[in-house]
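J.: Each chain is listed here by its residues.
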Amino acid sequence: MTTQTVWRKPPFIKSPAVRWVFYIAVAAYVIGTIATLPIDWERTAQGLTRAQRIFSGAFPPSFERSGLLISGFMESLKIAILATTLGMILSVPLAFMAARNISPKPVYLLGRGTFILARSFHPVIVAIIFVKAVGFGPLAGALTLTVYSIGFVAKLLAERIEEIDFGQVEAMRSVGASFFSTMVYAILPQIMPRLVGLGIYQLDSNLRASAVVGIVGAGGIGATLANAFGRYDYDFALAITMVIVGAILISEAVSGMIRKRMT
Amino acid sequence: MLEIKNLVKRYGKGAPVLKDLNLSVEGEQLMSIIGSSGAGKSTLLRCVNRLVEPTSGSITLNGTDFTTLGPKELRRARRRVGMVFQSFNLVDRLSVMENVQSGRLGYISTWAAVTRRYPAEDIERAFELMERVGIAQYADKRADELSGGERQRVGVVRALMQRPEILLADEPTASLDPKTSEQIMSLLRDLARELNLPVIINIHNVTEAKEYSDRIVGMRYGRIIFDDKPAALDAAQMDEIYAGTPSEDRQEMGAIA
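Line order of the protein sequences matches chains L and E.
Here the first sequence is numbered in the UniProt record's numbering, starting from 1 and rising by one per residue.
Here the second sequence is numbered in the UniProt record's numbering, starting from 1 and rising by one per residue.
Everything labelled a hint here was simulated from the structure, so no lab data went into it.
Any given hint could be a false lead.
Computed list of lysine-lysine pairs in DSS-like fashion (alpha-carbon distance at most 30 Å, straight line) [to be verified]:
hint	chain 1	residue 1	chain 2	residue 2
1	E	LYS229	E	LYS19
2	E	LYS13	L	LYS105
3	E	LYS141	L	LYS260
4	L	LYS105	E	LYS229
5	E	LYS210	E	LYS179
Only chain L is shown next, with the shape it has when bound in the complex:
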């Protein structure tokens, strides 16, 4: 008897028949979809010239109304900072509630449920609801991004809490520490780097998102951008877009630097 010399990685789907039927079905669906999509090539061609007009109208970008631009941007920044702060403050207790290893089951389910609800809608949809509820302007934006922050930060923080070294909690229990002291001494130091990292990332992300939710009326530079488009001021719109991109680049660089120092 000779030793086996050929080895192949077992395929993901074992039965060859099922495997090939699956591949062919996927290919057929993709081809079918492309064939039946209602794409009107004539209109697309017309649209191209329109796009060309928009882009040529956008050059050179106009910074004439820079006062409007700056006030819009500052509003976005305020919205982002307020939403991040509020979101972080609300996320920490929520994350503790939603950590399986330290919370009793009903509290855990309540915590999980809260941020699953916060995560289930895209910020634009939440923004539309808040604009209806509290009217146009930055308050709607700040509330939207707070909800958005909670959904993201609380979930990731809760997962970090579930990964902690439980020995430290045990040690604090063994000295007779209260529940709150145990959290502050045994859990908080372990999740602190993640907490700071998430805060910086969220500020970044909120600044970006504030431009989007502004378009549906939640204030900030997004509102300025929507107005510029509405008035066919394409050169001003380009200027706004450039400022947004610039701001994101700067915040990206700064948060990268801070995160590097943290660890």
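Since chain L is already given, all that's left is putting chain E on it; use the hints.
T.: Then chain E, alone, in the frame of chain L:
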């Protein structure tokens, strides 16, 4: 004096890990518990301060029955029992001083704990103890910057900060190299004498156990089968402690299966 009576611990519906165990530890002595993995040494130690909830039986420390205490009384009672862990269980990202002071968390207010405003006498005692075990120069260092032996010294000082009536050490030297391991053992022995503190140590290293303890308890499958002075532990008894399942338990297990 620690008095354990008829202690039974059963996880879920399985066979008990501790089977009707009786043990009493008096005054200043260093007692080692030996036995193979799964003998119930760690469970026994953790039942004392109820990190593990005993199924039945009683555990009395200087007149207080630990098994009947409510949550709040249990927290107060735990201050009287110091514990040292195999993996040290220090808060890595906090300074050595904060780790040492965390031994006082059962005494000081939560506000004082959060703001790190430790009482002057606690700071004084912390420096005295750290000086005694040779880690005072590390007070402001982060705990994860220390070596294994130094970290276990922090663990010991943290437990002593409680002014405990008894010290439990769950395999305190198992994560250390042989030399450091001996240093920690002799430190525990010396501290037991200096502070008139009874110390119970779970240990795998029988040579160390014989060298440093006043008394050795051998456990096998949830029972104490040896309890005497180290000199009385001979090869035959060692074999018995580290042998396979005893015949009486074999029948029991057969009945379950």
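J.: Hints first: check each against the structure and report whether it holds.
T.: Against the structure, the hints come out as follows:
Between the alpha carbons of LYS229 (chain E) and LYS19 (chain E) the distance comes to roughly 23 Å, so the proposed pair stays at or under 30 Å and holds. Taking the CA atoms of LYS13 (chain E) and LYS105 (chain L), the gap is about 22 Å. The hint holds against a cut of 30 Å. Taken as a hint, the LYS141 (chain E) and LYS260 (chain L) pair is honoured in the structure, with Cα atoms around 21 Å apart against an allowance of 30 Å. Straight-line distance between C-alpha atoms of LYS105 (chain L) and LYS229 (chain E) comes to about 48 Å, which puts the hinted pair past the 30 Å bound.
Taking the CA atoms of LYS210 (chain E) and LYS179 (chain E), the gap is near 16 Å; set against the 30 Å cutoff, the hint holds.
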